[in-house]
Amino acid sequence: MPTEVILPKVDMDMTHARLVKWHVAEGEPVVAGDLLFEMETDKSVMEVEAEADGTLSRVTGVEGTSIGIGEVIAYIFAAGEALPADELPLDVTPADAPPSAKLATDDPASETSATETRAADVPTADIPATKPTATATAAAETPRATPYARRLAREHNIDLSTLRGSARRGRIQSADVPPDTAARPGKQQTDLDLFGQVRCLDRQDARHESDRSDSDRVKPATFLLLHGFSADHTSYASLTHALAGKGHRVLVPDLPGHGQTTAETCHPDDLAKPLAAVLDAAAADELHIVAHSLGAVPALQLSERYPVRSLTLIAPAGMSSAIHADFIRGIASPASVAELAHLLRLLSAKPDRPDILSPAAVRELFDSLSQGRLTALAEALLGEIGLNVDIVPALHNVAARRPVRVIVGGRDRIIDARAATCLGPNIAVHHFPDAGHLPHWEYPREVLSILERSL
Amino acid sequence: MSTVAELSYAEAIRDGFATAMTADERVVLLGEDIGVYGGAFQVTGDLVERFGDDRVIDTPISELGAAGVAIGAAVNGLRPVLEFQFSDFAALAMEQITNQAAKMRYMLGGAVSVPVVMRFPSGSGTGAAAQHSQSLEAWLGHVPGLKVVQPSTPYDAKGLLLAAIEDPDPVMMFEHKLLYKMRGNVPEGHYTVPIGKAEIRRRGSDATVVASAVMVHRALAAAERLAERGISLEVIDLRSVRPIDTDTIVESVCRTHRLLCVYEGVKTLGIGAEISARVAESEAFDFLDAPIARLGGAETPIPYNPRLEKAAVPQIEDIEKAVTGLVAGRL
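Residue numbers (my numbering), protein chains in the order written: chain Y, 1 to 455; chain P, 456 to 786.
Since the hints were made in silico from the structure, they are not lab data.
Incorrect hints may appear among the rest.
Unchecked claim - Pairwise CB distance ranges (calculated):
{"hint": "1", "chain 1": "P", "residue 1": "698", "chain 2": "Y", "residue 2": "388", "range": "53 to 59 Å"}
{"hint": "2", "chain 1": "Y", "residue 1": "8", "chain 2": "P", "residue 2": "655", "range": "40 to 46 Å"}
{"hint": "3", "chain 1": "P", "residue 1": "597", "chain 2": "Y", "residue 2": "161", "range": "39 to 45 Å"}
{"hint": "4", "chain 1": "Y", "residue 1": "350", "chain 2": "P", "residue 2": "785", "range": "23 to 29 Å"}
{"hint": "5", "chain 1": "Y", "residue 1": "20", "chain 2": "P", "residue 2": "698", "range": "50 to 56 Å"}
{"hint": "6", "chain 1": "P", "residue 1": "460", "chain 2": "Y", "residue 2": "144", "range": "54 to 60 Å"}
{"hint": "7", "chain 1": "Y", "residue 1": "267", "chain 2": "P", "residue 2": "458", "range": "54 to 60 Å"}
{"hint": "8", "chain 1": "Y", "residue 1": "204", "chain 2": "P", "residue 2": "655", "range": "57 to 63 Å"}
{"hint": "9", "chain 1": "P", "residue 1": "698", "chain 2": "Y", "residue 2": "453", "range": "49 to 55 Å"}
{"hint": "10", "chain 1": "Y", "residue 1": "434", "chain 2": "P", "residue 2": "460", "range": "28 to 34 Å"}
Every value quoted in this text rests on a predicted model; they were computed, and no experiment measured them.
Cβ coordinates follow ideal geometry from the N, Cα and C atoms, glycine included.
Start from the sequences, fold in the hints, and give me the full structure.
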């Protein structure tokens, strides 16, 4: 039976996509794996490959039009294949089909009798039966994968059929799914909105009320998530996803000197300045700020100036002068990919676990850090005895007026988490004994639940 | 300020009795040979000397009769605790347990409650053969109207016993015979362990084992060995068979992506089957990275031969092997 070419569903909530361009013309031969066409979804342009060998035929998908997901836009005919009778376009259905034709299509034996001629030209009794073969094909083409691997593939827009399974009977497990989308070749960069000089992810998902029970319904708020030294908005990917999934608006800027933001900085006190444009545009009356590590500095400056509902600092820098200075210097100008990989391992509490970033992602980060955008900032951060940044006075100032939480990991190797115990009674401290410098990576559900308590 | 003493599991239960009987004179104990003899497993010990034979009552050898007396006493305002010599003998009292105790409150429209506690020494490993070694907690866990608990430590044994005595409904407490001599810290005086709440005994990230009673300790021992090979096992002590703490299990599986249920009762239609189904029905389904696995008792009466007896229920090595296969994707 000819292989249907359909517009694949690559995202949970997509119903249509735009057919951008055919890469194979009608009548041309294709081999499975050849680039067949490009389609554009809300998020990106995807390349779709041929699933079978044969000739591209009966192309109905028109370039530039929006097409429903799952619609057949062409067929690939293997040598000798013809289109089955019940799917023939009306204009080629033989008008003089004898009554016996219908019976013949129910005969399983006839499926082997396809001839080299087109369906319209052959006696209708030879039209292949469709159903048994279709089922067999579908079963063979559905990759065996665990629910978790399917979930990850869905979230990262990865086609499972491109993966090789390493578990029993070739089953794809989570370890077979590339660990992060950044590591995948040809990935589309997330579109970040431009606020003044700052590139910022602005995400607000449509809320499906039917998904939630009454008790689950919280008033949607706006979260501003500020990343730490040398990171960017992607470090909050899972928290962003989780908060957006609960109906909140999530703003995640790339701080000056970082990521896609082109504005540079050479002093920590300058990190907050360009963010005013983000806050003004957000115009949120229910604004909650979450900041990680060095992000605490701009977070506190903003909290002193804007009517923020709550402030949550994760492993904040500047509670004490203690800092892993080699980490800061090394990250700002890593000598090699290997050195960077060693430094990144310091972030995690579990040295025995797989690295927090894939090798490809580490290389990509190395290329980005090698531009030297952070060297001046690193020098400004480090003084004679340690960190040149002191957040404590600002922290007390803000905590006197609004709820402030500090989340620390007991096995943090970058800052001294014990300093959190000396912050005073106005500040709630959430201590994860087994977490390192990234409690929101290591305990995402728990951190999310702490954030929700501020609502 | 209460102090903590190191007690055996049996002593912890006795301490729980003393605490409850001192505080509440409605608490009475019934059972075969629980008085002067001190109980088949020496749980009641010297309680008859301390509280008298009108509160520590030896019953005739009739489980059905004693269960009826205990249930009737509960309906009439006492807080009776009935000891069975072996959980296998629950079969003799099944009419009273399932048709009377479990249903009376419901059928009388809430006019009465049945605050009775029944204790069942259970499980294999003592060479007591087929009629004295079963793990029947799933039987009683199948009956709405009953609560079923399975403490695995001296602390939980006392805390769950006190919670059971205070509970307005019939509570069945299964005590694994191999645990009676196990020692652990037990606070003096009154405290309770909530019925229906599981406990994470060890945090891990590669797989979750849900176990109860003696299987908790075997899972913890397996976790120790697996840790040497870099496999991080989370161990959940179920503690209550009815109600089951689904939330704790689901939350754990969402983190570890793999589930192994370990239970001593016969595998088919057992506790692990119920837990597996709950996880498959929950949000954790989308987080499973391997098939759910079960280790349960063999489909056989418990053999008398010590080697066969051991082979009929999950051991540390079995758990170690199952988790290794689960994490490696071999299942």
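*Does the structure break any of the earlier hints, and which numbers would those be?*
8, 9
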